[in-house]
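**Q** Spelled out from the first residue to the last, the chains are:
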Amino acid sequence: MEPAALEQPALEQEIAQLIIDTLNLEDLAATDIPVDQPLFGEGLGLDSVDALELALALQKRYGIRIESNAKHASQHFATIASLAAYVEVQRTACAS
Amino acid sequence: MADGGARTQHWATQKERGSFVLMKLTALAVRRLGRRPVTPVLYLIVLYFFVFGRQARRNVRQYQDYLSRWSNRPELRPRLRSVFGQFMAFADSLLDRLDVWSGKLRLEQVQLHDPAGLRERLLLSQHGGRGQILVGTHLGNLDVCRALAELGEQVPLNVLVHTHHVAHFHRLQGEAGDRSLRLLQVSEMDAALMLDLSQRLDRGEWLAIAGDRVPLHDGRRVMVDFLGHPAAFPQGPWLLAGLLRCPVNLLCCLKIDGRYQIRLEPFIEAPAWERGQREATIARWAQRYAERLAQLCLLAPLQWFNFYPYWQAPTSPSPAHPTSGESDAHPRRAAR
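The listed protein sequences correspond, in order, to chains Z and F. As numbered in our numbering, residues 1 to 96 make up the first sequence, in order. As numbered in our numbering, residues 1001 to 1336 make up the second sequence, in order.
Treat the hints with care, since some could be wrong.
As the list claims (entries may be wrong) - Heads up, simulated EDC-like pairs for lysine to aspartate or glutamate below, C-alpha to C-alpha not over 20 Å straight-line:
1. Z/60 - F/1205
2. Z/60 - F/1096
3. F/1255 - F/1096
It should be emphasised that the hints constitute simulated quantities derived from the structure, not laboratory data. Fair warning: this is a prediction, and the values are worked out from it, not measured in the lab.
Make a model of the complete structure from these sequences and hints.
**A** Now the structure itself:
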């Protein structure tokens, strides 16, 4: 979706693995989740509590803060690609 | 669905407001005059609420009736005397709260019932251990427990409250002398809050949350069987526990034979749910909690301080607001 995100496959891979570990999706491998597959609804089928669990794990892992703005959050959490892009931006923002 | 006349009112809009005014007056009077002259006045006020609070009386009667049938103990059946007794027990707990806040009730006067040795763990968390969750109840007097945590042991305790009414209530507490307690007003669970709570636990702080009241603006509730009838319980404590992977303990403080007894007991050692089993797991925990709560009710039947309609007709098991937003904003003044 976002070209910037596609340049960081390592981070996407990492996030895919984080999703699998955090949400106990043992039957999946990181490569099984296409980076542009919707995570919520009919895609991977995550719900709002999964999102909360995931957000907590992301924040801890990358030392970032995810502010609660429902509208933006759902955009950032749409796919692994968008999530990776978001984490990258937040990481830079939090590091500075 | 409740009929129009018995339109259920949520505790957050109904109960706390009334008792806030009452507490404010009482706190002022006690500070000026001392407890002794204020006591009869408070009893009069409670008598007033008893006589004119038809709905509250009905709710108490219902609770006592359910408790008596569920436990098969006919002596607990509601009578005028026992219903009044429950109102008086509330008045008594209000007075005790003031004593707690102003530090008059000493830790030594409180008996600790802690067969699992949770107090040790509380203290350990001050030396590098992780904090845990305490689920409290409106059975008995929670303020005494807070006094234990804050005044006696110096364990940082964060109390999660749902509404600004409760926050008001606690501002009053500050006026009465207890300023050390941390209150987190939690209207919605979000990522930032989860991180904050998680970090607090990592620092060895503890979280306290009520397990027996459904928040107003958060639809996360679960229907359980409580005293033989379906009642809505909050999902919040169990959701938090699972998300934060944090052990849960139960906490209550009952006045037995004129003496406070704090009961601490472990409840869930390692909360977790399987993929796809979250709802079911939470429902199971909530049900187990309701069963434990019912047993605790038998220890101090009159100290059930939920005076609002506790067993609401199960409108729908899915998340829903108990009343429309409009009627929440304008609760009927009183059911006189």
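**Q** Run every hint past the structure and note whether it holds.
**A** These are the hints, each one checked on the structure:
| no. | hint | result |
| --- | --- | --- |
| 1 | Z/60 - F/1205 | holds (18 Å) |
| 2 | Z/60 - F/1096 | violated (42 Å) |
| 3 | F/1255 - F/1096 | holds (10 Å) |
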